[in-house]
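Colleague: Go by the hints and put chain B onto chain A.
There are 2 protein chains.
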Amino acid sequence: MDIKTKLLASAEKVENFLSHLLTTDDKDIISLYASMRYSTMAGGKRIRPFLTLSVAEMLGARAQDAVYFAAAVEMVHTYSLIHDDLPSMDNDTLRRGKPTNHVVYGEATATLAGDALLTGAFELICAAPLPDKAKLEAVRTLSEAAGAEGMVGGQIMDLAAEEKEISLETLLKTHSLKTGAMITASVRLGMLAAGVTDEETLHALTAYARYLGLAFQIVDDVLDAVGDEQTLGKPIGSDSEQGKTTFLHFFTPEEAMQYAERLTESAKAAIAPFAGNETLTDLADYLLARRA
Amino acid sequence: MDIKTKLLASAEKVENFLSHLLTTDDKDIISLYASMRYSTMAGGKRIRPFLTLSVAEMLGARAQDAVYFAAAVEMVHTYSLIHDDLPSMDNDTLRRGKPTNHVVYGEATATLAGDALLTGAFELICAAPLPDKAKLEAVRTLSEAAGAEGMVGGQIMDLAAEEKEISLETLLKTHSLKTGAMITASVRLGMLAAGVTDEETLHALTAYARYLGLAFQIVDDVLDAVGDEQTLGKPIGSDSEQGKTTFLHFFTPEEAMQYAERLTESAKAAIAPFAGNETLTDLADYLLARRA
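Heads up: the protein sequence lines correspond to chains A and B, in order.
The first sequence begins at 1 in this note's numbering and counts up by one.
The second sequence begins at 1 in this note's numbering and counts up by one.
Same shape as in the complex, but just chain A (with noise of 0.2 Å):
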């Protein structure tokens, strides 16, 4: 199977998973749950759930364990998506080319939907036949990168780093937390399920999941920039427009892409020990190479 495939296969399994967990038949909370699903259905690459579901098919765990640590990091992925749309955050009003969360839901019920996304994915921990020991680090592991220190304080930094210049520092810190936190957290969480918590595995994984991210972020800006609006699913430019300093404010897009490619023969040299590394490796070549 090439790596479009294995995405998508994957992809679908968290979704089916997602589709049947984001159901309720009770009328009183039906729209906060339409508004949850609206979300968490509307598509993406769900690179984070896939990062999940093959480090621990790669260390040997069973899919149908690994798929509700997966779908949490998904759920916290949906959360962060549906509070940053908001009027107060980044105002965005389409996602993946289609209306945000509050444009159709209200603001109200967005923020609720987000909030209880992120609660639910604890929950969604808690839930999985592994052991307690697993799902318990499984909580940390996932709160430690959501949280203050980790994706809402990347999110702190990307605020106020709009309509003023930051440093290249900044910048590179403010995705460390602000995206790279929960790919990490993606990539430990499949070890997680696998049971595997040596200290060896977890430094190559982590330095895997570093490099992964910081390439994904810097090839994200140069599509913003040079990249095409109808693959892409939203307006081009839309990161100067509202201010943001992106790489392309320290290179030209060819240098940012050498970087980016730099940063991908890290990541593959970092998992080039473990047998079973294609799909991590390919999946490194397909983000390095995406169009949108």
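In case anyone wonders, no lab produced these hints; they're calculated from the structure.
Be aware that a few hints might be false.
One copy or two, it doesn't matter: identical chains are merged, so the pair holds either way.
[Claimed, not checked] Dumping the calculated DMTMM-like pairs for lysine to aspartate or glutamate here, alpha-carbon to alpha-carbon at most 20 Å:
no.	residue 1	residue 2
1	LYS268	GLU200
2	LYS173	ASP26
3	LYS45	GLU12
4	LYS45	ASP228
5	LYS244	ASP28
6	LYS27	GLU163
7	LYS173	ASP25
8	LYS173	ASP28
9	LYS45	GLU57
10	LYS13	ASP2
11	LYS27	GLU255
12	LYS27	GLU169
13	LYS45	ASP28
14	LYS13	GLU57
15	LYS164	ASP28
16	LYS98	GLU137
17	LYS27	GLU162
18	LYS27	GLU165
19	LYS6	ASP282
Computed from a predicted structure; not experimentally measured.
Modeller: Below, chain B without anything else, positioned relative to chain A:
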């Protein structure tokens, strides 16, 4: 020690713990921490952590262990207040006589501070010096109580109830989800901190929490309608002005207080068999007689 002194001592313990926890040296995220601290340290009765600590103490836990769970409960409660106060939700500009979080820090930071407090609560549970099994069960209990089928579900019902008449049954369900679920979770986290999991204790303490929670809400509605503005720290009649259906839509203030008295008696009866139940008994009486 009388109950008022106990409440103050418990609040001080939880506030000291949270004050220590909610600090950072990182100037890039210091505005996020300032916003988190502002609402967390804004006072309040600290009923929920008091329940956790009192149940834990009654069942033999050490306060220095249980305070982790108590503080986690208060963090979730604080996040819910910050998000509830947002302009898109209840649009409240004053809470406990002070400007609400978004008035001071802006909507974006307030939203993120709420997100970070919710996430941090689960991180804090993982850090407790308690057995893994108790911590995982605490994550499960807290996430269920706070999520779509608990507090967030109650908030969705609350929003749906604005500007339209709802039945007493719907009002009871709204409160059961919006405040009852977290009060029950507070009590259960006290049990978990003490390592007590038997069905009989769970049943009795859950009954106590449910009666207490409902009585609390009824007294709240009565105070909102006929209380003293200065003592309450918010304008009288704000619920009915917002078009919200309260218990006073179905009962006179006198009838409502009689209802709250009966619930308080039931709460006390539920915990009558337990040795050392004085604190929980006194709390029920205190909450019934409060003026703010």
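Colleague: Take the hints in turn and mark each one as holding or not.
Modeller: Now for the hints, and whether the structure bears them out:
In this assembly of identical chains, LYS268 and GLU200 lie within 20 Å of each other by CA distance solely inside one copy; the values are 16 Å within and 55 Å between copies. Proximity of LYS173 to ASP26 under the C-alpha cut-off of 20 Å is restricted to the inter-copy arrangement: shortest distance 12 Å between copies versus 43 Å within a copy. For a Cα distance limit of 20 Å, the shortest separation of LYS45 from GLU12 inside one copy, 11 Å, qualifies, whereas the shortest one across copies, 47 Å, does not. For the homomeric pair LYS45 and ASP228, the shortest alpha-carbon distance inside one copy (17 Å) is at most 20 Å, but the shortest distance between copies (55 Å) is not.
Taking CA atoms no more than 20 Å apart as the test, LYS244 paired with ASP28 passes between copies only; the shortest distance there is 16 Å, against 40 Å inside one copy. Only between protomers do LYS27 and GLU163 lie at most 20 Å apart by alpha-carbon distance; the minimum there is 19 Å, versus 44 Å within a single protomer. In this assembly of identical chains, the alpha carbons of LYS173 and ASP25 lie at most 20 Å apart only when taken from different copies (15 Å versus 44 Å within one copy). For a Cα distance limit of 20 Å, the shortest separation of LYS173 from ASP28 across copies, 9 Å, qualifies, whereas the shortest one inside one copy, 42 Å, does not.
Taking the shortest Cα distances, LYS45 and GLU57 sit within 20 Å of each other inside one copy (19 Å), while across copies they are farther apart (49 Å). In this assembly of identical chains, the alpha carbons of LYS13 and ASP2 lie at most 20 Å apart only when taken from the same copy (17 Å versus 57 Å across copies). Taking the shortest Cα distances, LYS27 and GLU255 never come within 20 Å of each other, neither inside one copy (54 Å) nor across copies (30 Å). Within a single copy, LYS27 and GLU169 get their C-alpha atoms only as close as 49 Å, which misses the 20 Å cut-off; across copies the closest is 14 Å, which meets it.
With identical chains, the CA atoms of LYS45 and ASP28 are never at most 20 Å apart, being 32 Å at best within one copy and 30 Å at best between copies. For the identical chains of this complex, LYS13 and GLU57 are intra-copy neighbours only, at 14 Å inside a copy versus 46 Å across copies, given an alpha-carbon limit of 20 Å. For the identical chains of this complex, LYS164 and ASP28 are inter-copy neighbours only, at 14 Å across copies versus 44 Å inside a copy, given an alpha-carbon limit of 20 Å. In the homo-oligomer, the alpha carbons of LYS98 and GLU137 never lie at most 20 Å apart, since the shortest distance is 36 Å inside one protomer and 38 Å across protomers.
In this assembly of identical chains, LYS27 and GLU162 lie within 20 Å of each other by CA distance solely across copies; the values are 17 Å between and 41 Å within a copy. With identical chains, the CA atoms of LYS27 and GLU165 are at most 20 Å apart between copies only, with a shortest distance of 17 Å across copies and 48 Å within one. Proximity of LYS6 and ASP282 under a CA criterion of 20 Å is satisfied intra-copy only: 10 Å inside one chain copy versus 61 Å between copies.
When held up to the earlier numbered hints, the structure conflicts with 11, 13 and 16 and fits the remainder.
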